[in-house]
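Participant: Residue numbers (my numbering): 403 to 595.
None of these hints come from the bench; they were simulated from the model.
Cβ atoms here follow ideal geometry from the backbone N, Cα and C, with glycine treated the same way.
Mixed in with the good hints, there may be bad ones.
Here are the simulated distance ranges between beta carbons [claimed, not checked]: (1) 527 x 595: 26 to 32 Å; (2) 573 x 471: 27 to 33 Å; (3) 562 x 444: 16 to 22 Å; (4) 579 x 444: 34 to 40 Å; (5) 569 x 471: 19 to 25 Å; (6) 491 x 448: 15 to 21 Å; (7) 470 x 503: 38 to 44 Å; (8) 514 x 467: 39 to 45 Å; (9) 529 x 579: 21 to 27 Å.
When the alpha-carbon atoms are kept at most 25 Å apart in a straight line, the in silico PhoX-like pairs for lysine-lysine are as follows [said to hold, decoys possible]: (10) 588 x 485; (11) 490 x 588; (12) 588 x 572.
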Amino acid sequence: MTESDPRDDAPLSASKRRDAVADATQDLADGKGSSIVARAVTINRPVGELFAYFRDFANLPTFMENVERIEVLDQRRSHWVVKGPAGKSYEWTSAVTDEVPDRLIEWSSEDGADVPNSGRVEFRDAGARGTVVTATILYDPPGGAIGKLIAKMFQREPAIQARRDLRRFKQLMETGEIATAAMNRKQHEEEMA
């Protein structure tokens with residue numbers, strides 16, 4: 403990068419440049435969303451293992467707290483149902499717009515989404531430390547700025563959830579379980595049986 407180059411190397415969510423979201427949208431094949439979230443975590447597992455687990459979208463509710471369910475429609479499309487503030491659910495169908503095995507998955511919600519969104523998850527080999535997993539998400543919060551504030555108050559805001567979900571993904575992939583004081587759905591079903 404030269405001094406005349408206006409780009410910086412800050413994560414897009416932390417960039418002080420006003421056009422950072424526009425740049426992120428241009429980088430995505432079908433960028434949808436006006437708010438941006440970017441988080442990263444290093445997981446002590448091989449790239450291929452993490453990519454394969456993440457790419458099977460039916461696995462995502464195992465560590466994504468607010469995801470109620472994901473119905474895999476075909477190799478490229480999936481239907482998402484996500485919990486929002488005050489018990490409201492939001493739905494959309496997403497399509498994979500770009501994929502490089504063991505490197506990245508890019509997606510965009512289809513028209514009519516309750517929460518228009520797009521993003522990418524990148525997997526980068528970190529040598530003996532494992533893999534750096536970076537999630538970048540663009541989204542339009544339901545209810546605009548007020549809706550975003552309400553979601554934050556209820557701990558349902560994507561910036562909060564992305565951090566927690568990546569931490570749970572790390573726990574699950576490194577230890578085989580997610581540490582929690584609450585019972586997960588499977589434990590509850592087993593206790594009720």
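Participant: Which earlier hints turn out false for this structure, listed by number in ascending order?
Facilitator: 1, 2, 4, 6, 7 and 8
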